[in-house]
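Line order of the protein sequences matches chains A and B.
565 is the number of the first residue of the first sequence in our numbering; add one for each residue after it.
11 is the number of the first residue of the second sequence in our numbering; add one for each residue after it.
Note that these hints are calculated values from the structure, not bench results.
Just so it is clear, CB atoms sit at the ideal spot from N, CA and C, and this is done for glycine as well.
Any given hint might turn out to be false.
Stated by the list, open to error - Heads up, simulated DSSO-like pairs for lysine-lysine below, C-alpha to C-alpha not over 27 Å straight-line: (1) Lys657(A) x Lys32(B); (2) Lys32(B) x Lys671(A); (3) Lys661(A) x Lys89(B); (4) Lys668(A) x Lys143(B).
Claimed, not checked - If you only want the chain B side, here are some residues facing chain A, beta carbon under 10 Å, derived: (5) Ala40; (6) Ile42; (7) Leu43; (8) Thr69; (9) Ala79; (10) Thr115; (11) Val116; (12) Gly119; (13) Ser134; (14) Thr138; (15) Glu146.
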Amino acid sequence: MSDIIGIVFISIGLAFDFLGCLGLVRLPDVYNRLQASTKSVTVGTCSILFGTFLVVGFTSAGIKALLCIIFLVLTSPVSAHAIARGAHRAGVKLCEKSVVDKYKEDKEGEA
Amino acid sequence: MNPVRILTGQRKINMENSNGVKIFRWFAGAIILTTLFSVIIIKPIPFLFYPDLPYMGFTGRALYIIILASFLTLYRIWKGPTGADRIVATEILGIMIVGLCSVLTVSTGRSWYIDIGIAWALQSFISTLALSKYLEGRDFDE
Numbered sequence: 565m566s567d568i569i570g571i572v573f574i575s576i577g578l579a580f581d582f583l584g585c586l587g588l589v590r591l592p593d594v595y596n597r598l599q600a601s602t603k604s605v606t607v608g609t610c611s612i613l614f615g616t617f618l619v620v621g622f623t624s625a626g627i628k629a630l631l632c633i634i635f636l637v638l639t640s641p642v643s644a645h646a647i648a649r650g651a652h653r654a655g656v657k658l659c660e661k662s663v664v665d666k667y668k669e670d671k672e673g674e675a
Numbered sequence: 011m012n013p014v015r016i017l018t019g020q021r022k023i024n025m026e027n028s029n030g031v032k033i034f035r036w037f038a039g040a041i042i043l044t045t046l047f048s049v050i051i052i053k054p055i056p057f058l059f060y061p062d063l064p065y066m067g068f069t070g071r072a073l074y075i076i077i078l079a080s081f082l083t084l085y086r087i088w089k090g091p092t093g094a095d096r097i098v099a100t101e102i103l104g105i106m107i108v109g110l111c112s113v114l115t116v117s118t119g120r121s122w123y124i125d126i127g128i129a130w131a132l133q134s135f136i137s138t139l140a141l142s143k144y145l146e147g148r149d150f151d152e
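Use the sequences and the hints to build the structure in full.
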């Protein structure tokens with residue numbers, strides 16, 4: 565029974581991964597691409613790892629999969645935030661249709 | 011090429027309607043269609059798997075989806091107009107490889123693939139932080 569639930573989790577994770585990569589190709593801007601791809605690919609890979617844990621069970625590989633889930637959830641937002649901050653400070657422009665840029669307004673307020 | 015132009019994406023030629031971009035778009039569309047149909051049509055790679063294990067067919071087809079989605083990130087690394095695009099695509103590729111190692115653990119039954127996944131996640135995180143610092147224009151030890 566846990567095998568079948570694990571396979572369902574792996575399928576959901578595959579769908580999230582593929583849609584995240586599709587967003588990486590299709591969207592117009594660095595920040596939109598970050599928004600689309602980083603979160604959904606993280607959720608998809610964590611779902612694949614949890615499905616692996618359900619299929620394999622409480623073996624060494626299953627415990628390592630749980631550790632890898634914790635590590636990914638902790639580190640992926642940090643790296644996404646670092647990329648967005650670096651891109652904004654390096655002067656990468658937003659796309660033409662974007663409405664508001666709060667970070668630029670904050671920097672102008674400080675100076 | 012000038013590295014400043016690579017980082018900030020300033021190009022003198024308008025690339026939107028040229029022939030190379032059209033070829034790139036056909037390439038991405040072919041990858042997407044192949045991903046959608048590979049679940050039904052293509053058989054799993056036989057020599058990678060033990061045929062005794064259950065769900066061999068499912069995980070063998072799941073590998074195709076992950077590999078072809080990784081080709082989409084390679085497209086973004088190749089074409090991406092700014093350096094930040096390339097860094098984002100590299101990070102996504104690293105996370106996808108962790109998922110690939112996890113699916114390989116299920117399909118082959120060998121538990122050391124997940125070790126490769128953990129090591130790859132660590133390396134990808136550190137390299138992404140270093141590259142974003144480089145993009146921001148600071149030194150690594152700051």
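Against which earlier hints does the structure fall short, listed by number upward?
2, 5 and 7
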